[in-house]
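J.: Just so you know, the sequences run in chain order Y and X.
Offset between the first sequence (1-based) and the numbering used here: plus 30.
Offset between the second sequence (1-based) and the numbering used here: plus 11.
Source of the hints: derived by calculation from the structure; they are not laboratory data.
Where a beta carbon is used, it is the ideal one built from N, C-alpha and C, also for glycine.
Certain hints may be false.
Claimed, not checked - Negatives, chain X to chain Y, calculated, CB over 10 Å: (1) GLU30; (2) LEU48; (3) LYS57; (4) LYS68; (5) TYR99.
Unchecked claim - Calculated cross-link-like contacts (lysine-lysine; reagent style DSS-like; alpha-carbon spacing at most 27 Å): (6) LYS76/Y x LYS57/X; (7) LYS168/Y x LYS24/X; (8) LYS138/Y x LYS39/X; (9) LYS31/X x LYS89/X; (10) LYS244/Y x LYS107/X; (11) LYS113/X x LYS24/X; (12) LYS222/Y x LYS57/X; (13) LYS89/X x LYS51/Y.
What the hints assert, rightly or not - Computed footprint of chain Y on chain X; a stretch qualifies when at least three of its residues, placed anywhere within it, have a C-beta under 8 Å from a C-beta of chain Y: (14) 18–27; (15) 35–45; (16) 83–94.
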Amino acid sequence: MKIERFLGKTKSPKFAALSEKFEQRSKDLIAEFEEKHKDALEYLEKKGIDADKILHQGSRKAVAGLAAAIVLLSSGISQDKDLNQQVSVDNSLAVNQIVGEITSKQDKSQALLKIFSTTLPKNVNHLSYENETNLSLKVSQTLGVKVTTELEGNRLNTNYGKIGLEQHLPRYPGDNMQEHFESGIASSLYGKSGLTRNRGAFGYFTNSKYNLTKEAIEKEKYYAVVQTFDIPGYNSKKAQWYKHRKVLIINTENGRSVVGAIADSGPAKWTGKSFGGSPELMDHLQMYRGSRKAKVLVFFIDESNGEVKLGPL
Amino acid sequence: MSILVRHFVKKPKIYLEIEKLDLDVAEKNNLTETVTLLYHQNLLNKLLEYLEETDKKIFLELLIVGGESNYLEFLRQKIHNLETIVEYAVSEIEDKLYEDLKLVGKIN
Numbered sequence: 031m032k033i034e035r036f037l038g039k040t041k042s043p044k045f046a047a048l049s050e051k052f053e054q055r056s057k058d059l060i061a062e063f064e065e066k067h068k069d070a071l072e073y074l075e076k077k078g079i080d081a082d083k084i085l086h087q088g089s090r091k092a093v094a095g096l097a098a099a100i101v102l103l104s105s106g107i108s109q110d111k112d113l114n115q116q117v118s119v120d121n122s123l124a125v126n127q128i129v130g131e132i133t134s135k136q137d138k139s140q141a142l143l144k145i146f147s148t149t150l151p152k153n154v155n156h157l158s159y160e161n162e163t164n165l166s167l168k169v170s171q172t173l174g175v176k177v178t179t180e181l182e183g184n185r186l187n188t189n190y191g192k193i194g195l196e197q198h199l200p201r202y203p204g205d206n207m208q209e210h211f212e213s214g215i216a217s218s219l220y221g222k223s224g225l226t227r228n229r230g231a232f233g234y235f236t237n238s239k240y241n242l243t244k245e246a247i248e249k250e251k252y253y254a255v256v257q258t259f260d261i262p263g264y265n266s267k268k269a270q271w272y273k274h275r276k277v278l279i280i281n282t283e284n285g286r287s288v289v290g291a292i293a294d295s296g297p298a299k300w301t302g303k304s305f306g307g308s309p310e311l312m313d314h315l316q317m318y319r320g321s322r323k324a325k326v327l328v329f330f331i332d333e334s335n336g337e338v339k340l341g342p343l
Numbered sequence: 012m013s014i015l016v017r018h019f020v021k022k023p024k025i026y027l028e029i030e031k032l033d034l035d036v037a038e039k040n041n042l043t044e045t046v047t048l049l050y051h052q053n054l055l056n057k058l059l060e061y062l063e064e065t066d067k068k069i070f071l072e073l074l075i076v077g078g079e080s081n082y083l084e085f086l087r088q089k090i091h092n093l094e095t096i097v098e099y100a101v102s103e104i105e106d107k108l109y110e111d112l113k114l115v116g117k118i119n
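Could you put together the complete structure from these sequences and hints?
T.: Below is the structure:
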């Protein structure tokens, strides 16, 4: 009856059936929103925004009874001047601060790309010592994280080259795809990459699932692969140094950077690639889907001035 | 139209399917509007799911008063795999809507 009223005439059976199904979809989505983001809703209410009103205001312009809800958080609220003013006053400081931070990060990416345009060789994989030193310095200055191509006497076989998408690594004996992800979305997004049959070259991240820490989860999530077998003088003692060593990986075509932990050895030389990355790491570099032709730069992170967090920088 | 949908989806695929249905213009317009809403709701749910509690609040505030480019850039900064999440959210709702359309398609 609601739909008939909206249209002002008799509805067709097909329209009625579709409307009913879509209405149910919307109700389900709103219920999901209310369940998962309860704190955010409460926060908005505390700010003086009637969350319930927001969640149901949209029904006026759509099918009556269809709780159009969340759309108003973008399109609907902008029509409510009083609400806008109130929120605007309350949050102008926070928003300005965020806008400042965003601008700063955008500037950093742009600055990196500018540096690369003048310092990176176009057709060769190898960087000269002078190039390496120059890049380390400029990247450190730009990102505010101390990076280097040589740390405590250790050097990778190369710092510049192609990177391949790796599978997930088992974090403990018995780790499997059903238990590997923190959320259903993460499973849907990254599950298709699969899990390697064997642990990484540096072993498991922990000895059992009961001892799995946030740190171990993050290490696997953002793990990097380097060709340790091609490093001159590499041996078991060196392996301890390289195990979970933090590296900064930068996509030289878009300036996106991520801090990873070395957790495996590879890829094979014949692949033409010099590095590997976990699905999550590659996704941040925008190399999880589509083209992986862009080269990356890889630096050791020098944490002598303080710890650097794994993940997107 | 929702700015999330306008920015991330442009023209939802389901619009074309609705256009093919044997319905009058008002009915099609109504369904199109509803479908846009569903895209938006699913996008919002999935994006918020990937934000920390504090960032959820900031994002909602930015959505209201921060200006389009700022909240989008905020999302890019906070959700490292934004494109993948958006693709997932769009594909998820489209699968459901295709399912609905398929079932209803059998009604004369």
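J.: For the pair we were handed, LYS244/Y and LYS107/X, check the Cα-Cα distance against 27 Å.
T.: violated, 34 Å
J.: Mind checking the alpha carbons of LYS222/Y and LYS57/X for me, to see if they're no more than 27 Å apart?
T.: Measuring from Cα to Cα gives roughly 19 Å; hence the hint holds.
J.: Verify that the Cβ of LYS68/X lies farther than 10 Å from every Cβ atom of chain Y, and report whether the claim holds or is violated.
T.: At roughly 5 Å from the nearest Cβ of chain Y, LYS68/X sits no farther out than 10 Å, so the non-interface label is violated.
J.: Does the region 83–94 of chain X contain three or more residues whose Cβ lies closer than 8 Å to a Cβ of chain Y?
T.: Holds: 6 residues of the region 83–94 of chain X have a Cβ under 8 Å from chain Y.
J.: Over 10 Å to the closest beta carbon of chain Y is the bar; see if GLU30/X clears it.
T.: Check passes; 13 Å lies beyond 10 Å.
J.: Could you check that no beta carbon of chain Y comes within 10 Å of the beta carbon of LEU48/X?
T.: Check fails; 5 Å does not lie beyond 10 Å.
J.: Take a quick look at whether LYS168/Y and LYS24/X sit within 27 Å of each other, Cα to Cα.
T.: violated, 45 Å
J.: Below or equal to 27 Å on CA atoms is what counts here, so check LYS76/Y against LYS57/X.
T.: holds, 23 Å
J.: Given the hint that LYS89/X pairs with LYS51/Y, does the C-alpha gap stay at or below 27 Å?
T.: violated, 34 Å
J.: Over 10 Å from every CB of chain Y: does LYS57/X meet that, or does the non-interface label fail?
T.: violated, 7 Å
J.: So if I understand the rule, the pair passes when the alpha-carbon distance is 27 Å or less; does LYS138/Y with LYS39/X pass?
T.: violated, 47 Å
J.: Say whether it holds or is violated: TYR99/X keeps its Cβ farther than 10 Å from all Cβ of chain Y.
T.: Label violated. Min Cβ-Cβ 6 Å, cutoff 10 Å.
Figure legend: structure checked against the earlier numbered hints; hints not met, in rising order: 2, 3, 4, 5, 7, 8, 9, 10, 13, 14.
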